[in-house]
Amino acid sequence: MWVDLIITLVKISFILAITVGFFAPVLTWVERKQSALMQDRIGANRADIMGFTVLGLFHIIADALKMFTKEDFIPDGANKILHTVSPIIALVPALLTFAVIPFGGQYTLFDKEVNLVISDLDVGLLFVFAIASLATYGYVIAGWSSNNNWSLLGSMRTASQMISYEVTMGLTIIGVLMVYGSMKLTEIGAIQENFWMWGIFLQPVGFFMFLTASIAENKRIPFDAPEAESELVAGYFTEYSGLKFGMFFMAEFIEMVTIGAIMTILFLGAWHIPFLTTATLLSWFDFLGTTGSNLVVMLIHVGVFFAKVIFFIWLQMIIRWTLPRFRYDQIMRLGWKILLPLSLANILVTGLLILALN
Amino acid sequence: MAYYVNRRSEMTWWEKSYIPEIIKGMWLTSRRFFYNLFGFIPFFLGTEKDRRIMTVYYPEEQVQYPVAYRGRPVLAQNEDGHPACVACGLCEIACPAYCIHIEPGQNTGKQNQYERWPDVFNIDYAICIFCGNCEEACPEEAIFMSDDCEISMLDRKQMLYTKEQLLTPVADLQKRIEFTRNMYAKWNY
Ligand code: SF4
Ligand code: SF4
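Protein chains in written order, with this note's numbering: chain A, 3 to 360; chain B, 54 to 242.
The following block holds chain B by itself, in its conformation from the complex:
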């Protein structure tokens, strides 16, 4: 059914007399004022604040992001401290912003050891658009979007994260790993 907006331009005399409508508006704003005024008091006393007040006291109070949230991409680090990445370069190709730089290193014939790993793995967060393509492209479950979005710096050069800064233990990423497995399984890769 089509919905018609009531574009009534003529005001009733009640609306034209200003004062009742103004008082209505002031009633709304002052109700909001007192509601928030008393709602925030428990927070300042150090107890749990009234959860009906949605405003988050940001740096002091943080919300838990849902697992689907795409924060900065990080590298998964196996339990033995070695990166899970095999330096295949697929993420580098998939990245629409060209912000990943990989220089591979490889095993020179030792048995029972990792064969390939990245010697250099840089992501420039100043360029990254948090699209998640790298995560999707990776065949080794080695790069994941974390829930960290607080990456503001005073200098652009500091936004270039190296391998050491990117490595995050697999244990911390478990939720996201589960999530990506579910998600990409649906698409039948």
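Isolated chain A, as found in the complex:
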């Protein structure tokens, strides 16, 4: 009982540490540095402590300090309660989805089965989507409560874009569900121990559609019409400053990690190394005893999982700095006229193939 509680607490603090403590701040730096390298620039490198710049990593601290010391501004005529609450509504779902995301398999440590997921829900995948779509309310309320035309336009665009692409996203994962026959994220991950069962081979079209839809869900370029700087100032968070703005910012970066994690689990073999089953890995480290070998394999798997997540984050950033923004009508056309029929066709073809092969 107590042991279970402690294990769960350790897992929760690990996830919080790695998302809020590591990914969210470091990604702000990565975003700048990567775009700089892509454009033959050098990027942030001026903030220094005692003459050390460490490639500009101290900009993270400078940014955080700046965010903390800025005036927390609420415009006249804004709904004070909603204006304050909406960044929280936007941020919390991004963190909550990690409750069901497995970041490793099952290991025997000190005669105890440890499952590297905070809560192994049977409907894990549904839970992720249910929670993730809650964030939409945060964005919509943010724009609506600010008493600003730009914000309102931004949140309207957010609402329509999120609804359009959530449809595609939902239909795309149906294909994945049909292939794996499970909604349990841990099970989906476990099946992909076999390299040829990776989602990217079984659902190649689904992979591309899911990637597109999830970037659209995260409202990053090329789908950043809701916050288009050149059209809407900053969209729904125009009237936000200080820490509340920081929360929107953080939500975006954590969502990038979430997308990376879900993509990894559904399409890129979760925590598995190609052609290396867990049993083989365990047998390599047999000389360390049961606990020792399990511990080593666990660390390897967690490392592999986050390496894949980082790859997806890198991919999202490359896309963000490569493509220009879609026009609003183009976004809608892509969503309803191309991706929706494609995802329906994907389900049909998947079903036919499954029928034919069985």
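Misleading hints may appear alongside valid ones.
[Stated by the list, open to error] Each pair of labels, with its calculated beta carbon distance range:
(1) Val351(A) - Thr65(B): 21 to 27 Å
(2) Phe54(A) - Gln227(B): 36 to 42 Å
(3) Ala224(B) - Phe54(A): 37 to 43 Å
[Unchecked claim] 25 Å max Cα-Cα, derived DSS-like pairs, lysine-lysine:
(4) Lys339(A) - Lys69(B)
(5) Lys163(B) - Lys216(B)
(6) Lys72(A) - Lys82(A)
(7) Lys13(A) - Lys114(A)
(8) Lys339(A) - Lys77(B)
(9) Lys68(A) - Lys82(A)
To be clear, the hints were calculated from the coordinates, so they are not data collected in a lab. Glycine is no exception: its CB is placed at the ideal position from the N, C-alpha and C atoms.
The hints should help you fit chain B with the ligands onto chain A, whose structure is shown.
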């Protein structure tokens, strides 16, 4: 031969299918990314960086400007420490921005000494447009454009350079002097 731009507005189906073209673009940007990522590593290790990467790590790394570069104008100072300028005022007249201010001083009858020199010689870099007219007007080879362009200040008043700040030993200006002699000789003054 006239050159016609191909304003083909119809896209082929290959281009319309988005994905291949997007991957092409991403291939380009990610190639650039890795190229720069590994190209900069030698610089951080303290060795010479890959010169194919043009980006200059500015304050730490500086480029040598070509001799034709017009930085801030400076006064030439002879080997004995005296300014070469004779306070004739030609540069003051030639200056289109009116940023030179000269107050002449002169010899009161001593033999074998300089006859004229500027007592005050101010150039306001906040107004100067780095045109080089002063250099061209000068009959005494006394004012030259240096290669120094880092003259940003927190206060406008500090941009007003006095004679002491402007004086630069002739030895440091030798290249530019050669260059101006060549250049103006062509124009047959
Ligand atoms: S460079 Fe041009 S503007 Fe500047 S001091 Fe000389 S003549 Fe005047
Ligand atoms: S710098 Fe040259 S042009 Fe100007 S006052 Fe002196 S001698 Fe005359």
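We went through each hint and held it up to the structure:
For Val351(A) paired with Thr65(B), a C-beta distance near 25 Å keeps the hint of 21 to 27 Å intact. A C-beta distance of roughly 40 Å is found between Phe54(A) and Gln227(B), which places it inside the suggested range of 36 to 42 Å. The hinted range of 37 to 43 Å is satisfied by Ala224(B) and Phe54(A), whose Cβ atoms lie roughly 38 Å apart. With a CA separation close to 14 Å, the supplied pair Lys339(A) and Lys69(B) stays within the 25 Å bound.
Distance check on the hinted pair: Lys163(B) and Lys216(B) sit about 23 Å apart at the alpha-carbon level, within 25 Å; holds. A C-alpha spacing of about 18 Å is found between Lys72(A) and Lys82(A), which places the hinted pair at or below 25 Å, so the restraint holds. Between Lys13(A) and Lys114(A) the alpha-carbon distance is near 15 Å, which keeps this suggested pair within the 25 Å criterion. Restraint check: the Cα-Cα separation between Lys339(A) and Lys77(B) comes to about 24 Å, which is no more than 25 Å; the hinted pair holds.
Of the supplied pair hints, the one linking Lys68(A) and Lys82(A) holds, its CA atoms being roughly 23 Å apart against a limit of 25 Å.
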